[in-house]
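In the order they appear, the protein sequences are chains R and B.
Each residue of the first sequence is one higher than the last, beginning at 13 in this note's numbering.
Each residue of the second sequence is one higher than the last, beginning at 19 in this note's numbering.
You may find that some hints are simply not true.
Unchecked claim - FRET-style restraints, in silico, Cβ to Cβ:
#1 B/340 <-> R/166: 45 to 55 angstroms
#2 B/575 <-> R/174: 52 to 62 angstroms
#3 B/448 <-> R/114: 49 to 59 angstroms
#4 R/169 <-> B/575: 47 to 57 angstroms
Calculated directly from the structure, the hints in this document are not laboratory data.
Ideal Cβ placement from N, Cα and C applies to all residues, glycine included.
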Amino acid sequence: MNNRNLSYYAAFVWGMILLFMIASPLPHAVASPFRSALPTIIEAVITDSGSTNTCPYTIDVWLNGTATYTVTVCHLNPLKGSGTLTPALTIQFFEHLIVAQPFSRFPPLQCVKPVSFRTTTIVQYGKSHILDISCPNTDRRITNLYTDSTQIQQALGFSPLRKV
Amino acid sequence: MRILSQRRRSKGIPIHHCLYRFQGIQGAEVILLSLLHLEAIVKKSFHVSASWSRTLAIFALLLVLMCSKASMSVPPVFAIPSIPSGGPIQRHTLPGHLVPLLKKVPPIGPAPQSTLIHLSIGLALQHQQTLDALLAAQVNPASALYHHYVTPQQFKYLFGPHQTTINQIVTYLHKQGLHVESIASNNLFITASGTAATVEKAFSTTLQQYRLDKRVVYAPSVDPSVPDVIAPAIQTIGGLDDVAHYHPLGLQQQAGSSRLPSSSSPEYTPSEIGTAYHVPPLLKASADGTGQTVALFELDGYNPTDIATYRKTNHLGVNAPSNVLVGGATNVQGNGSIEVSLDMEMVAALAPKAAQKIYMGPNSIAGVNATYNQIVSDDMASVVSTSWGECEEASGVAELQALDNIFKQGKAQGQSFFSASGDSGAYDCQNTDLAVDTPADDPNVIGVGGTSLLMGHDGAYISETAWSKRSDLGNVGGGGGISSYFLRPAYQHNLTPRNAYRLVPDVSANADPEKGYEIYCTGVAVSCTGWLKIGGTSAAAPLWAALVADINQYLITQHVNPLGNANATLYTIATTAQPFVGFHDITVGTNLYYPAHVGYDLATGLGTPDAWNLARDAARLLSSIHTALPLPSPSASPPGR
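In isolation and in its complexed conformation, chain R is listed as follows (with noise of 0.2 angstroms):
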């Protein structure tokens, strides 16, 4: 083996390493078997793909209240901010999607949209997602999430819509 493959099996090794520990999750419920049942996942994040109209974000939201957002494309460099949400709305987001669980027995909803303002929003929870809850839905589930994530953006005071 060559010195030029030895560099690059080294690089591939310590890349995959590296990439282990990077790729380990977040802090998450591993333990205690007192309370294992009742595993608590303490980030979601909101993404709406944008339109024709508006521009895509995606919101990140923690159990502590804090939130952080990225808006993209419709700006020289993305818009980036954060802000803390009120006690009640963080409490009854998580609820919310602790209510919503498992994300998988929804089928993905569709439905009819503007065509210059076909946004998609989805919320990751964990491993799960859900999508779009923006349409019309009479599952309270769905639209709860829905109501949060709109009064969530508009808590941390950034609009989506495109600038002129």
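Given chain R, work out where chain B should sit, using these hints.
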């Protein structure tokens, strides 16, 4: 998910964002695609061979990932700005450091400037309102977050002080000439030391000496202050006084080298006390603590041989405890070691198969903070017992709040803290003022008061009264009353007396030393020579901790989640109609001031346990909430009874 990650790529979301969000298969997919892109770019830009371009691409990608990991490894927080250099520094006073017990005591002079002061600087939690909302949801059966607990890592991540804040404060302490000794793993405490002169200068305060009872103590005469920029991050400067000296709450009654003879003033064996509080059906249902861990908070050491002797004599089996030494403590018997033996033997008596973790720390503010904090940081125990307490007025409110932060973390993790409520009745400061004991006063702790239990033959329950006794040697009784600091928690909202503050105790158990528990203890430092009869709420707290360990195990066998922080569930069981009667409601006697009466009272709380009934009520109550978990119906009558 594939659609989602493709869309993210196409819209130009940074690759680290995609990786972070979609760990696992999706993350790998994105990584490989990114790698191919990078490789092509490297090859084109630097005109190198395929293997070198791949190597460089891997390193470039890893660099990006490492940077993104670093930036994403903490939730967004608003780190405090740096302390401006030059010019006058604005300072902010930190309230709550004056000791209420010294209000009427004149200083006798300044503390010697060379006195070495050990500080335990408690930091404020972040997002406290959201934490309080989460804690409320965790005990609210109507909430989807009911009994959803967090891990210590999650708690630190969500509510702990940010590393930037820690660095800022450490820098300040260094600049002031203080020696920073340690930073707690959950970032809640920084320990530091320095002379009184250094401490006074660093915190713009004056330490005075006072004569308190037979002791000369030091304490600040004015609240400390710190630069404005770090003030919001600091909850307390613990250790500015040495007034609070935690003491065990057990009372020794009788000593002897051989097993105590039966007499008109009997001692209660494990079997008898178990029978009186209806534990045998739990044990017969194999709920003997197996799989549960009870942590004991101690400020002294013990002799392992004593515990082994006790277990062997009472046929409790072998179950070696494990020690956790905190803050430089060693397992050496001092004059409080009888408390350690009592706690360990009480837990062994009623939860013989439960693992015991003995947390031993130094008897100082810094030691107390560090030891409790270690218990929640480790999060190894579902149940914690402490029988070391101090009059609430001996601590400044800043210290009470710092301890409360620890107990909040424990509660958020689903830990139950049981604390003896003191042996001075309604007068915990041992003067004429009504006062309660800390930490039993904390709303995130279950305060355990005292009763006097009369048993018949072989532990048959006959009657029970609130425990108190007046004598020339000093008045004693189960601690209870109204906190002067902590507000009324939700689980006590409908109780009388109606006022805004926390009521103590929550529950109680036999604590009368004349009807005390038989324990085994040897040691010169405590004048222990064998079998003793011990009473006090010191015994009642580990008794409850052991029972809850058994009950938690029972609940798990019934496919029901354990009690977690038990206060809310205990109040619900006691104050609403249940199929079984979980408490002996104590209606006779006083705790030197407050009378026992029907329902909750400040002498005995909700009452004493009927363990088997409590377990079955809890199983039914919790299963009705967690409908998703299958639950066999609890049997209508206890086995063997």
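Which hints from the list above does the structure break, by number from lowest to highest?
none
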